[in-house]
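Trainee: Got two chains here, each in a separate frame; can you build the complex from them with the hints?
Chains as they are written, first to last, in full-length UniProt numbering: chain A, 1 to 402; chain B, 1 to 392.
Among these hints, one or two may not hold up.
[Claimed, not checked] In silico EDC-like cross-links for lysine to aspartate or glutamate, where the CA-CA straight-line distance does not exceed 20 Å:
{"hint": "1", "chain 1": "A", "residue 1": "Lys386", "chain 2": "B", "residue 2": "Glu372"}
{"hint": "2", "chain 1": "A", "residue 1": "Lys366", "chain 2": "B", "residue 2": "Glu271"}
{"hint": "3", "chain 1": "A", "residue 1": "Lys363", "chain 2": "A", "residue 2": "Glu136"}
{"hint": "4", "chain 1": "A", "residue 1": "Lys371", "chain 2": "B", "residue 2": "Glu241"}
[What the hints assert, rightly or not] Going by beta-carbon spacing under 8 Å, a handful of chain A positions derived as facing chain B:
{"hint": "5", "residue": "Trp217"}
{"hint": "6", "residue": "Gly337"}
{"hint": "7", "residue": "Phe399"}
It should be emphasised that the hints constitute simulated quantities derived from the structure, not laboratory data. Think of the CB as a built atom: it goes at the ideal place given N, C-alpha and C, for glycine as much as any other residue.
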Amino acid sequence: MEDCLAKKVEITVSEAEKRTGRNAMNMQETYTAYLIETRAVESQSEGQCAPVDSLWRRYSEFELLRNYLSVTYPHIVVPPLPEKRADFVWHKLSADNMDPDFVERRRIGLENFLLRVASHPVLCQDKICYSFLTQEGGWKEMVNETGFQLKADSRLKALNATFRVKNPDKRFTELKHYSDELQSVISHLLRVRARVADRLYGVYKVHGNYGRVFSEWSAIEKEMGDGLQSAGHHMDVYAASIDDILEEEEHYADQLKEYLFYAEALRAVCRKHELMQYDLEMAAQDLTSKKQQCEELATGTVRTFSLKGMTSKLFGQETPEQREAKLKVLEEQIQEGEEQLKSKNLEGRDFVKSAWADIERFKEQKNHDLKEALISYAVMQISMCKKGIQVWTNAKECFSKM
Amino acid sequence: DTSLAEVNSFSSSVPISPSSMINQYKLEDEPELRDLFITVDDPESHITAIETFITYRVVTKTSRSEFDSSEYEVRRRYQDFLWLKSKLEEAHPTLIIPPLPEKFIMKGMVERFSEEFIETRRKALHKFLNRIADHPTLTFNEDFKIFLTAQAWELSSHKKQGPGLLSRMGQTVRAVASSVRGGGVKNRPEMFTEMNNYMEAFSQKINVLDKIAHRIYKEEREYFHEMKEYGPIHTLWSASEEDIAESLKGVASCIDKCCKATEKKMAGLSENLLPILHEYVLYSEILMGVLKRRDQIQGELDSKVDANKKADKDLFSEEIGKLEDKVECANNALKADWDRWKQNMQCDMRSTFTNVAENNLRYYEECLATWESFLASQTVELHMEEDSEDRP
Numbered sequence: 001m002e003d004c005l006a007k008k009v010e011i012t013v014s015e016a017e018k019r020t021g022r023n024a025m026n027m028q029e030t031y032t033a034y035l036i037e038t039r040a041v042e043s044q045s046e047g048q049c050a051p052v053d054s055l056w057r058r059y060s061e062f063e064l065l066r067n068y069l070s071v072t073y074p075h076i077v078v079p080p081l082p083e084k085r086a087d088f089v090w091h092k093l094s095a096d097n098m099d100p101d102f103v104e105r106r107r108i109g110l111e112n113f114l115l116r117v118a119s120h121p122v123l124c125q126d127k128i129c130y131s132f133l134t135q136e137g138g139w140k141e142m143v144n145e146t147g148f149q150l151k152a153d154s155r156l157k158a159l160n161a162t163f164r165v166k167n168p169d170k171r172f173t174e175l176k177h178y179s180d181e182l183q184s185v186i187s188h189l190l191r192v193r194a195r196v197a198d199r200l201y202g203v204y205k206v207h208g209n210y211g212r213v214f215s216e217w218s219a220i221e222k223e224m225g226d227g228l229q230s231a232g233h234h235m236d237v238y239a240a241s242i243d244d245i246l247e248e249e250e251h252y253a254d255q256l257k258e259y260l261f262y263a264e265a266l267r268a269v270c271r272k273h274e275l276m277q278y279d280l281e282m283a284a285q286d287l288t289s290k291k292q293q294c295e296e297l298a299t300g301t302v303r304t305f306s307l308k309g310m311t312s313k314l315f316g317q318e319t320p321e322q323r324e325a326k327l328k329v330l331e332e333q334i335q336e337g338e339e340q341l342k343s344k345n346l347e348g349r350d351f352v353k354s355a356w357a358d359i360e361r362f363k364e365q366k367n368h369d370l371k372e373a374l375i376s377y378a379v380m381q382i383s384m385c386k387k388g389i390q391v392w393t394n395a396k397e398c399f400s401k402m
Numbered sequence: 001d002t003s004l005a006e007v008n009s010f011s012s013s014v015p016i017s018p019s020s021m022i023n024q025y026k027l028e029d030e031p032e033l034r035d036l037f038i039t040v041d042d043p044e045s046h047i048t049a050i051e052t053f054i055t056y057r058v059v060t061k062t063s064r065s066e067f068d069s070s071e072y073e074v075r076r077r078y079q080d081f082l083w084l085k086s087k088l089e090e091a092h093p094t095l096i097i098p099p100l101p102e103k104f105i106m107k108g109m110v111e112r113f114s115e116e117f118i119e120t121r122r123k124a125l126h127k128f129l130n131r132i133a134d135h136p137t138l139t140f141n142e143d144f145k146i147f148l149t150a151q152a153w154e155l156s157s158h159k160k161q162g163p164g165l166l167s168r169m170g171q172t173v174r175a176v177a178s179s180v181r182g183g184g185v186k187n188r189p190e191m192f193t194e195m196n197n198y199m200e201a202f203s204q205k206i207n208v209l210d211k212i213a214h215r216i217y218k219e220e221r222e223y224f225h226e227m228k229e230y231g232p233i234h235t236l237w238s239a240s241e242e243d244i245a246e247s248l249k250g251v252a253s254c255i256d257k258c259c260k261a262t263e264k265k266m267a268g269l270s271e272n273l274l275p276i277l278h279e280y281v282l283y284s285e286i287l288m289g290v291l292k293r294r295d296q297i298q299g300e301l302d303s304k305v306d307a308n309k310k311a312d313k314d315l316f317s318e319e320i321g322k323l324e325d326k327v328e329c330a331n332n333a334l335k336a337d338w339d340r341w342k343q344n345m346q347c348d349m350r351s352t353f354t355n356v357a358e359n360n361l362r363y364y365e366e367c368l369a370t371w372e373s374f375l376a377s378q379t380v381e382l383h384m385e386e387d388s389e390d391r392p
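If we strip away everything but chain B, and leave its shape as in the complex, we get (with noise of 0.2 Å):
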């Protein structure tokens, strides 16, 4: 398997979690048919006089013509990972673009630059290129390759280019004010108010999922907290008594080991299991942002075909007929990468939570093990101790 040794290969200061290829690998049902394989590793922070700021190397392997070598290295820092998420979005409204971790997590109280919050955001950097990397028409961006590629100050002469900001405001403008005017619903085609339902149901199912894993991790932690002090005290007793003193050493130590296991249970959680809900919690208010793109686009055609009406003359029979194509590649468009991201998100699901379901039978495996261990060292002193009774 060349692809995955390749990937293997550069993994270098920073090593990325076997878990989260694994997890990589399961976005595509024809993991042989990648040609482009990308890495986020190595934050570095950089101080200068007006701010400090985090850059993070993102190295990409490909064996594509359309570039010019096969291998880039180059340093990125946030703010440009929100430029390539902006420059998507525009260029393919009604596609689902993955989600960017949030510029700042409030509820944790982390630090901004604090080692967990960095590493956490590093993860969700990665997961961001490689579902891009991963989806069929994304993949060939035009941005995602300059993204990919070009040295620090070609980025950014190149960022300077495109529509200004002005034309993209008066753009959002018109979104939000089409939107307003409930843009697009009246006429909306069956399946997208299915997907509308499904998505506000999923949504909230989602957002409680997160909250419960949280707090499974919490309870987790403070439990952890408990058993740390719990084990010492039998080894306290154990020093003021001598038949069961053995005894009572015994059960520290298993209970030590246990404290242990649930350290590792716990680490399971927040490499697996939390990341991706967060992931699905952004995805889901990605996806209705979609719809409502969706529903905007209908909105114009709608709104044209109205205006058509009152004027009592074909006036806009073309401009009507491009909305109506810009309609249906809008709605192809979505519906197509609708299913992917379903049958996507059915296979994180299924593989993050048998992980979880993994976790705790690797923890209640390894407990088992102990105190059954220190149960045969108790009986097999009490078989001594009988069988010296018994002799004369």
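Isolated chain A (complex conformation) (with noise of 0.2 Å):
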């Protein structure tokens, strides 16, 4: 972590700005930009303040930053972009992608995205992240460039395929099971709190009832006026207070749902050694074919049955130059296969070292981070009890004095 972007670098997305344009196809959109704000940290512990550099990116370009990090680095399990459309709302939450606090919760969420990067010992290393952070102009032609595209399209396939590994590593395997529960859980643990949520506000806001009626009832009553006046006072203010509570609790959802999403990230991981894994057996497998095909035409035995091999019994055999070209064929492929075989299986060790350095990083990362959000959740909690003790004191005060 020592040389990492973000002990050198201050990054905060601080603005959003609703702009139109015109898209791919000339017509005309309305999207939302962030405002990326860069500062040197060095410069500030001297006392002095730093100039700001600062451009413009939109949403569509963070995703391109990120399809080429997960292509450039596939051991890594990269940091998720917050989601692309409102899911888990509930009721009093808009499903616009323009609402105003969608658009302030997606601003903090592409903020921790570039910190995540910034913080993380490779990713903050790579020229197009860095540009990313500092140069508007030109930087999609420049990521274009680097044709991580075509990479990109394979990656997709894979991730989607289906196919067997004889031999995966263990730890990889019990990775992608877990991957695949956190994301289970993670997602009916943010469904039902929303629909929690949705039912706190309805029991809150109908005591905003009270405050209406007893109002009115105490221009009627004598005695009883003024603790039914003031005790619908503080039945408003019991009414008004979830808007707050349920903001905060937003936050932590989304905290949730940035694992939820990592959890894809993680489960790419190890697809991406599955895949690997599956391509240096057929390579293995291939190379054995081959072999042997090989040790047939040189002996002349057929130890497998092969639909050439009997055409060739029921045609008349082959000429002696024939199996010669043959066989030389074989052997310059046995030893390119052989050598593929070589830096495939080297190439997979290295992923596998790599990758589960990062993993354990991450880890680390998602334990840290998943206990603190439960923490304050708790923190939360105690706050909105705390609430209704203060509103329902004065509430009792005002009713004993009917």
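Mentor: Shown next, in the form of structure tokens:
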């Protein structure tokens, strides 16, 4: 972590702005642009305020960056972006992407994404990453020039393909299983949390009706009037308090959502390993069968049934020259194959080593972050209870004076 | 406090909630003067060839000399309560007779003989009899005494006496006719117009409050159902974790405890606030009826006075004198009972809403303690971790 970008540069996504422009099909569109500000940390410690560099980026450019990083560093658990569309919405929240609350939460999520990338020992060193933060114009072209798109397509295919690996690394199999469980349990949790929030909202808001009726009722009462009126006021306060409470909880939900999406990134690394392992096994299998073919040709024995063998028996055998030529080709292929196998093996081992290092780093980060999130949830509940106690103590006093 | 001890000593198979006993106490400012204690409990279902019905046990304990015994136990069905109420209305047309629970409750789609329905009804019947017992006039009503003491066959033979159905119907027809003619409103004293206005406004408010209270109960119940699902997800999650398993289980346990506290809060609402608001919804109807009957009595006088004027001679002076007395009695009775009713209403509202506040306080305090102890356990862990990191 010594040389990571986050320690040298302060990064914020400070503003969000609505823009209109023309899209690829020359149709008018509205989108939100986010202001990224960077400021060198070192000069700050000298008591001077360093100049702020800033540029505007939209969500699709963040997506491009992330895709590039996922493809270029398949062994890294790449930090996820905040959700593209509002999901797990409860009735008060808007599912509209242009809704100011959604935009605000997205701004925070994008800042979090940049901070995660900047504090990652490997990712922060990437040049494309650096120029995302510093070079407004021409960045897209720079990314496309890396040619990562080709790898991106095959990667997408691989992530979704089904194939069977004979000897996977057990740790990755377990990890993939874990990432599936994590995804499933967090989405279930978020769904129910949204429903709980909805219901809690209902309970609080209906109490607001007390306020109105008490106030009207107090008008026809003499002795009870004051008590009713002031109690009604406290009921209004109670009803209004739920808005802030649930807004805060939304941040907690966002923290969980980050790890929901992280689970996908984790799964991608496991799949990459599977793919490499499968590739390796196929290459080894191919090599073995070529060696066998070689042996058969050389000794003239047919150990395995092959259509070619049958046809040659039926229609006559090849000439010695033909056999020589075939043997030569095979021997070349075998040599190539052996070299490829060696390098694939090396690649595989390197991948496992570096992936596992990042996975360990990720595990520690996840445990720390989730524990803190749970603690912050408890703090929120405590604050909500204290507010409730305050309001109902006041209300009780008013009622007792009725 | 011997009177309280007396009541407690016979609390039998069906315990009466202490809060309802306290409510009874608050009805009168001089509880030591109470000499009539009534409980309604032990619903029993009876199946005959024609019908199925429920009877309730009514136990009376008294030190009054008018009663032959100091303790009575009888069984009564809803019909008997209806009979008592109509007798009281007949005898005291301008007194505020306490409300009876309704015949059916359609809105909750509660089955006629479901446990919930029977219990709600039993509590309301208990309230009804005790309100009568606490009323300075009604408590000495003869039919009331018979209701409390007569055996089943005695009661049915007594019921058959008294003005027949036809004469009662005639009374109702005349009353309705008089009210249609706007009888009694012209010369209505200012005080009763104020009462009318108040009751119209009160009736509207109490109905809205009743709806709000039911809505709150419904929302709490929905919240409770979601919370029941919420906690266990954390436990499920903890099964795939190591480091954060304990924290997750802690959160699960906190949510479950808060869930149970919500259940308690709901019970408090249904035991206290909902029945009281409902009672006062019924009371507002009763009061409008009482005011109408007063107007009718006034109307009788007014129409006789008009008839007298038209006749030119003092034909009806004797009748008018009697009617004037009747009006004065009715007005005084109503005025006194109105004041008493208002005081009781204020008392009931104060204690009920205070109880609601206390319920909520208890809920929040319980939840607070739960989360605070979870937080403490987490920070202890954090400190332990920090300590172990510091060590070489």
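Trainee: So, against the hints stated earlier in the document, which numbers end up violated here?
Mentor: Failing hints, ascending: 2, 3 and 6.
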